[in-house]
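S.K.: Sequence:
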Amino acid sequence: MKSIAQSLIMLALLSACASPPTTFHQLRPALSTAAATPVLGVSVMVGPASLPAGLERPQLVVEDAAGNVELLDLQRWAGPLDRMLTQAVAADLSRSLGLASIYAYPQPGMGGGDVRLLLDVRQLRLRPGRDASLEVAWQALPTQGDKRPLASGYFLQSQPLATPDAAAAAAGLQTLVTELGRRLAGELGPALAGFKR
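Just so we're aligned: the sequence shown equals residues 3 to 199 in the numbering used here.
What the hints contain is simulated information worked out from the structure, not anything from laboratory work.
Among the clues, some could well be false.
Mimicking DMTMM-like on lysine to aspartate or glutamate, the simulated pairs with C-alpha atoms at most 25 angstroms apart in a straight line are [said to hold, decoys possible]: (1) Lys149 x Asp167; (2) Lys198 x Glu137; (3) Lys198 x Asp167; (4) Lys149 x Glu189; (5) Lys198 x Asp116.
Cβ-Cβ distance ranges computed for the label pairs, FRET-style [as the list claims (entries may be wrong)]: (6) Tyr156 x Pro23: 14 to 24 angstroms; (7) Glu189 x Ser21: 13 to 23 angstroms; (8) Gly100 x Val71: 35 to 45 angstroms; (9) Pro23 x Pro151: 20 to 30 angstroms; (10) Gly155 x Arg59: 23 to 33 angstroms; (11) Leu73 x Gly114: 29 to 39 angstroms; (12) Arg30 x Arg59: 17 to 27 angstroms; (13) Ser21 x Pro192: 47 to 57 angstroms; (14) Gly131 x Glu181: 17 to 27 angstroms; (15) Gly114 x Gly196: 27 to 37 angstroms; (16) Gly196 x Ser21: 54 to 64 angstroms; (17) Arg30 x Tyr156: 32 to 42 angstroms.
Because the structure is a prediction, the values reported are computed rather than measured.
All C-beta atoms, glycine included, are put in the ideal place defined by N, C-alpha and C.
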């Protein structure tokens, strides 16, 4: 009986030492509402996307009410944030513009495409319980011939966060990335329609 009691005490002590599980977050393309299947056309490579210093890490980086930066060790991105951003934007653009030939940079074995869409993320702030904000300058450049931008623009928007948790912060950023893709489609679509290879 004594050994059972000792085993139960040890089990209780060990379970008290167990750390909480790590939660992983993703940025995903918006749910498709397009009825038609995208077709091949102008080849667009989205990226690379540059991130502000300090954000190229697996942990979510958040700001507290005083503006202090905190790394959430148990709240992580499922992959490199810059790569997830370009993948989500590329998929959203592909669906919105009806072009199957829009890819996220890098694509092994593929050239640079006909057009390179560069994303300069100037600010990405997650403030749990307050808001998420995203500021991006972008340029669409032909990869051959005349290197003048086909289109360029600027995106700055914030999204209120209903709750002070990491999941709400990641969801707020997801909403902003979806809106970025929507705006890019509206501004880039006419330039791509007139693009000649």
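S.K.: If a hint holds in the structure, say so; if it doesn't, say that too.
M.R.: Results of checking the hints against the structure:
no. : hint                                : result
1   : Lys149 x Asp167                     : 44 angstroms, violated
2   : Lys198 x Glu137                     : 30 angstroms, violated
3   : Lys198 x Asp167                     : 47 angstroms, violated
4   : Lys149 x Glu189                     : 18 angstroms, holds
5   : Lys198 x Asp116                     : 9 angstroms, holds
6   : Tyr156 x Pro23: 14 to 24 angstroms  : 39 angstroms, violated
7   : Glu189 x Ser21: 13 to 23 angstroms  : 46 angstroms, violated
8   : Gly100 x Val71: 35 to 45 angstroms  : 41 angstroms, holds
9   : Pro23 x Pro151: 20 to 30 angstroms  : 45 angstroms, violated
10  : Gly155 x Arg59: 23 to 33 angstroms  : 28 angstroms, holds
11  : Leu73 x Gly114: 29 to 39 angstroms  : 34 angstroms, holds
12  : Arg30 x Arg59: 17 to 27 angstroms   : 20 angstroms, holds
13  : Ser21 x Pro192: 47 to 57 angstroms  : 52 angstroms, holds
14  : Gly131 x Glu181: 17 to 27 angstroms : 21 angstroms, holds
15  : Gly114 x Gly196: 27 to 37 angstroms : 20 angstroms, violated
16  : Gly196 x Ser21: 54 to 64 angstroms  : 56 angstroms, holds
17  : Arg30 x Tyr156: 32 to 42 angstroms  : 24 angstroms, violated
This entry does not satisfy hints 1, 2, 3, 6, 7, 9, 15, 17, going by the numbered hints stated previously.
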